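Undergrad: This is what each chain is made of:
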Amino acid sequence: MVSVDRDRLVDTASRLVNVPSFTGDEENAARLMVELFEGLNLQVQWQQVEEGRANALGTWAGAGGGKSLMFNGHLDTSYSGREPWLRNVPGFQPQAFERDGRLYGLGISNMKGAVACYVEAVRALQDAGVRLRGDVLIAAVCGEIEKTQQGKAQGAEYRGYAAGTRDLVTHGGVAEMCLLGEPTEGKVVLGHFGALWLRIRVHGDFIHTAFSEGRRDRNSILRAGEVLDAVLEWIPTWEGDPANSYRGAKAIVNVGAIEGGFGWRASRTPHHTDLFLDVRVPPTKEMAVARREVLDMVRGLAERFPDFAVEGEVFVTAPGGRSRRGTSS
Amino acid sequence: MTRWFSDASALTRYGVPTVNYGTSTGLMDVELGENLEIDALVKTAEVYARVAMEVCGRA
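Keeping their order, the protein sequence lines are chains A and B.
Each residue of the first sequence is one higher than the one before, counting from 1 in our numbering.
Each residue of the second sequence is one higher than the one before, counting from 330 in our numbering.
Among the clues, some could well be false.
The list that follows gives simulated cross-link-like pairs (lysine-lysine, DSSO-like), each with its CA atoms no further than 30 Å apart [unchecked claim]:
1) A/K187 / B/K372
2) A/K147 / A/K285
3) A/K152 / A/K67
4) B/K372 / A/K67
5) A/K187 / A/K152
6) A/K187 / A/K285
Honestly, the hints are just simulated from the structure, not real lab data.
Since we're looking at a predicted model, the values are computed, not measured.
Construct all of the structure, not just a fragment, from the sequences and the given hints.
TA: Printed below as a string of structure tokens:
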């Protein structure tokens, strides 16, 4: 009989929450994983992804003759807890606490709780004297959170989007099946959308306010407004395209950012203004196809607004995940 | 809901069949932040142990 020890599980999860591991700074949490792996007598592989960041891979070797299973979980948290709007929210601090049957703390749901479950599952099996034929791998990885380096946002804290797992799979971290404990609300999810991020640049003239009279049509910010209206016309065609739906869900497009001008120098109009789109792509569509399709859309904008010198740049192509077998989610 | 992203992206492209299964209980608490129901966490760990036995086989 395999039985999970509630208190031990809560203790493991709390210890993980209590080690801050914002994207770019996951090494201390990986060290804690090594300690936990050693407590289970697992074989430990340390993968230094870059300075301050590591994957910890623990392997419980099987007796042989069975398939291998990997439990994979990311250590990085979506927030640091230092964000001004989260600073006073206790559940967004790296300090776990229990209240009314619930465990609170930064990263508990995404996804340190699951990582603790992996450790406790192996412990429970070992406690019950279970011996498996195949290997069980626990991969605790850095850099999963959806973010990327862009513009002035450079550095490890912006290197997410499977940065750790890409390193993992090229360094021995593979298995015949993987279970990922992302917060799915208890549902089995066999596939999910990927993401393509697109920057659309609209050019204009750099003009001092004193000389801007009658030249509003040269202002890249105002031009971007027109382009944005055109993008909003395009979005339903992407979302409504049956080729972009997956398991009955539409491929959503979000206008995620706009950047242009100098707040500290509002006396000048900027040379260019950028619109940023997050275009969700079904796992059934190759990223190269999605890239071509969105850049065709940008070409259409360039033709529609010939004076704006509209250009597009695709800077994230993170494909969706899809298991080869299985028919339901 | 399958619109979010996960490391299944990199794993499945590398030929590792990947399933996402985890616990959570809807939206985060506005005042208290990230949290999980502990009973659900325990059940999840039990499911993971059973999956390991199923996939790896008992010796």
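Undergrad: Tell me the numbers of any earlier hints that the structure contravenes, in ascending order.
TA: Violated hints: 3, 5; rest satisfied.
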